Amino acid sequence: SATAAELEQLSILQIGHATYPKARRGLGEHIHVNAYEICYLRKGRMHWWLDNPERQYVVEAGDFTVCPPNTPHGGVDNIHEACDLYWLNLDFDSFRRETDLGEAVYKQLEQQLMAAPPSFSGDRRAVDCFEQILQAIENPGSLKLMRIRSALSQLLISLSDALRKQAMGEKEKDPRIQRVLNHIAEDVCFFDSVDQMADFACISPNRFITTFRKVTGYSPIDFLCREKVRHGKDMLLDVRRPITDIALSLNFSSTQYFATLFKKHTGMSPTQYRKESLM
Numbered sequence: 516s517a518t519a520a521e522l523e524q525l526s527i528l529q530i531g532h533a534t535y536p537k538a539r540r541g542l543g544e545h546i547h548v549n550a551y552e553i554c555y556l557r558k559g560r561m562h563w564w565l566d567n568p569e570r571q572y573v574v575e576a577g578d579f580t581v582c583p584p585n586t587p588h589g590g591v592d593n594i595h596e597a598c599d600l601y602w603l604n605l606d607f608d609s610f611r612r613e614t615d616l617g618e619a620v621y622k623q624l625e626q627q628l629m630a631a632p633p634s635f636s637g638d639r640r641a642v643d644c645f646e647q648i649l650q651a652i653e654n655p656g657s658l659k660l661m662r663i664r665s666a667l668s669q670l671l672i673s674l675s676d677a678l679r680k681q682a683m684g685e686k687e688k689d690p691r692i693q694r695v696l697n698h699i700a701e702d703v704c705f706f707d708s709v710d711q712m713a714d715f716a717c718i719s720p721n722r723f724i725t726t727f728r729k730v731t732g733y734s735p736i737d738f739l740c741r742e743k744v745r746h747g748k749d750m751l752l753d754v755r756r757p758i759t760d761i762a763l764s765l766n767f768s769s770t771q772y773f774a775t776l777f778k779k780h781t782g783m784s785p786t787q788y789r790k791e792s793l794m
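Take any residue in the sequence shown, count from 1 to its spot, add 515: that is its number in the working numbering.
These are computed hints drawn from the structure, not numbers from a lab.
It cannot be assumed that every hint is accurate.
[To be verified] Straight-line Cα separation of at most 20 Å, DMTMM-like style, residue types lysine to aspartate or glutamate; simulated pairs:
{"#": "1", "residue 1": "729", "residue 2": "643"}
{"#": "2", "residue 1": "778", "residue 2": "592"}
{"#": "3", "residue 1": "558", "residue 2": "599"}
{"#": "4", "residue 1": "778", "residue 2": "760"}
{"#": "5", "residue 1": "779", "residue 2": "791"}
{"#": "6", "residue 1": "558", "residue 2": "689"}
{"#": "7", "residue 1": "622", "residue 2": "608"}
{"#": "8", "residue 1": "659", "residue 2": "676"}
{"#": "9", "residue 1": "659", "residue 2": "523"}
{"#": "10", "residue 1": "779", "residue 2": "737"}
{"#": "11", "residue 1": "558", "residue 2": "523"}
{"#": "12", "residue 1": "558", "residue 2": "643"}
{"#": "13", "residue 1": "778", "residue 2": "742"}
{"#": "14", "residue 1": "680", "residue 2": "575"}
{"#": "15", "residue 1": "779", "residue 2": "599"}
{"#": "16", "residue 1": "558", "residue 2": "638"}
{"#": "17", "residue 1": "659", "residue 2": "638"}
{"#": "18", "residue 1": "790", "residue 2": "737"}
{"#": "19", "residue 1": "778", "residue 2": "791"}
{"#": "20", "residue 1": "622", "residue 2": "676"}
{"#": "21", "residue 1": "558", "residue 2": "710"}
{"#": "22", "residue 1": "537", "residue 2": "742"}
{"#": "23", "residue 1": "729", "residue 2": "742"}
{"#": "24", "residue 1": "778", "residue 2": "737"}
{"#": "25", "residue 1": "729", "residue 2": "689"}
{"#": "26", "residue 1": "537", "residue 2": "737"}
{"#": "27", "residue 1": "729", "residue 2": "749"}
{"#": "28", "residue 1": "790", "residue 2": "753"}
{"#": "29", "residue 1": "622", "residue 2": "606"}
{"#": "30", "residue 1": "779", "residue 2": "592"}
Note that the structure is a prediction, hence the values are computed from the model and not measured.
Can you make the complete structure from the sequences, with help from the hints?
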């Protein structure tokens, strides 16, 4: 496999891929010294912050994220949510020195990276590029470094294309699914079944489930549960409000079911969350 020195020669300080089946604690504040962190969320949904804990943003399935060098960032409430995530830490100055793409290309890439929003829509090419890099790292051969360098360049091209589309306002969303998402954002209890959501979107339930998962990374019911848990987190900040009342107001069948889902998605019980949030 490629050594740390070989990866640094290619300007990659760290790279990885992980699938987290459930939420866990531990994504606290951290920085990457003199390196951009580039992530691609294959599945799931993440709530992260950048620069300071008040500057929060949501990462959807299919999104890139870019964190500038030496910039504090972490998970909201230090939580790493269930997801399928690729990440790479890139020393851009070293990349410029070690590769030969032409100064105009480096200048465009650097300008795009510096102006990039925290998250933006990407495409499946990113997965292929990450996988090619990871496979090349593990496999010996005289062309190993060339393969890694080629895949890294393709990843940055994919990133550049995504940023260009973002700047031109070309981010595409299925309008039928977006209508459902808008109504969930306005009233998290508006829908209570997949059939109801599919009827609202005017497509068959099976097609709705497939399209919804493609857009959000979640099944409709899982997405709805996550949104209810998110609302529950806000409600728990009101210490005068009983947890039972919160569960019922979010249309959970029981307090225990609410507590079970809450712990699944946040890594702690509603009572623990309330206690830690008020410390």
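Results of checking the hints against the structure:
1. Taking the CA atoms of residue 729 and residue 643, the gap is about 17 Å. The hint holds against a cut of 20 Å.
2. For the hint linking residue 778 to residue 592, the alpha-carbon distance of about 13 Å falls within 20 Å, and the restraint holds.
3. A C-alpha spacing of about 5 Å is found between residue 558 and residue 599, which places the hinted pair at or below 20 Å, so the restraint holds.
4. For the hint linking residue 778 to residue 760, the alpha-carbon distance of about 18 Å falls within 20 Å, and the restraint holds.
5. Between residue 779 and residue 791 the alpha-carbon distance is near 17 Å, which keeps this suggested pair within the 20 Å criterion.
6. At most 20 Å may separate the alpha-carbon atoms for a hinted pair to count; residue 558 and residue 689 meet this at roughly 17 Å.
7. A distance of roughly 11 Å separates the Cα atoms of residue 622 and residue 608; the hinted pair therefore holds under the 20 Å criterion.
8. Simply put, residue 659 and residue 676 have alpha-carbon atoms about 26 Å apart, too far for the 20 Å limit, and the pair is violated.
9. Restraint check: the Cα-Cα separation between residue 659 and residue 523 comes to about 14 Å, which is no more than 20 Å; the hinted pair holds.
10. Pair hint residue 779 plus residue 737 holds up; C-alpha atoms about 11 Å apart against a cutoff of 20 Å.
11. Distance check on the hinted pair: residue 558 and residue 523 sit about 28 Å apart at the alpha-carbon level, beyond 20 Å; violated.
12. The suggested pairing of residue 558 with residue 643 holds, with an alpha-carbon distance near 15 Å, which does not exceed 20 Å.
13. This hinted pair checks out: residue 778 and residue 742 have alpha carbons roughly 14 Å apart, not beyond 20 Å.
14. Note on residue 680 and residue 575: the hinted pairing holds, with a Cα-Cα distance of about 17 Å set against a maximum of 20 Å.
15. A hinted pair counts as satisfied when its Cα atoms are at most 20 Å apart, and residue 779 with residue 599 qualifies at roughly 16 Å.
16. For the given pair, residue 558 sits about 12 Å from residue 638 by alpha-carbon distance, which is consistent with the 20 Å threshold.
17. With a C-alpha separation of about 25 Å, the suggested pair residue 659 and residue 638 falls outside the 20 Å cut-off, and the hint is violated.
18. Restraint check for residue 790 and residue 737: the C-alpha separation of about 26 Å exceeds 20 Å, so the hint is violated.
19. This hinted pair checks out: residue 778 and residue 791 have alpha carbons roughly 14 Å apart, not beyond 20 Å.
20. In summary, the hint linking residue 622 to residue 676 is supported, as the alpha carbons are separated by about 15 Å, within the 20 Å threshold.
21. Simply put, residue 558 and residue 710 have alpha-carbon atoms about 23 Å apart, too far for the 20 Å limit, and the pair is violated.
22. Restraint check for residue 537 and residue 742: the C-alpha separation of about 16 Å stays at or below 20 Å, so the hint holds.
23. With a CA separation close to 17 Å, the supplied pair residue 729 and residue 742 stays within the 20 Å bound.
24. The straight-line distance between the Cα atoms of residue 778 and residue 737 is roughly 14 Å, inside the 20 Å bound, and the hint therefore holds.
25. Among the hinted pairs, residue 729 with residue 689 is consistent with the structure: their alpha-carbon atoms are about 10 Å apart, no more than 20 Å.
26. A C-alpha spacing of about 12 Å is found between residue 537 and residue 737, which places the hinted pair at or below 20 Å, so the restraint holds.
27. The hinted pair formed by residue 729 and residue 749 fails the criterion: a straight-line CA distance of about 28 Å is larger than 20 Å.
28. With a C-alpha separation of about 11 Å, the suggested pairing of residue 790 with residue 753 holds against the 20 Å cut-off.
29. Note on residue 622 and residue 606: the hinted pairing holds, with a Cα-Cα distance of about 15 Å set against a maximum of 20 Å.
30. For the hint pairing residue 779 with residue 592, the CA-to-CA distance comes to about 15 Å; that is within 20 Å, so the pair holds.
Hint compliance for this structure: hints 8, 11, 17, 18, 21 and 27 are broken, all remaining hints hold.
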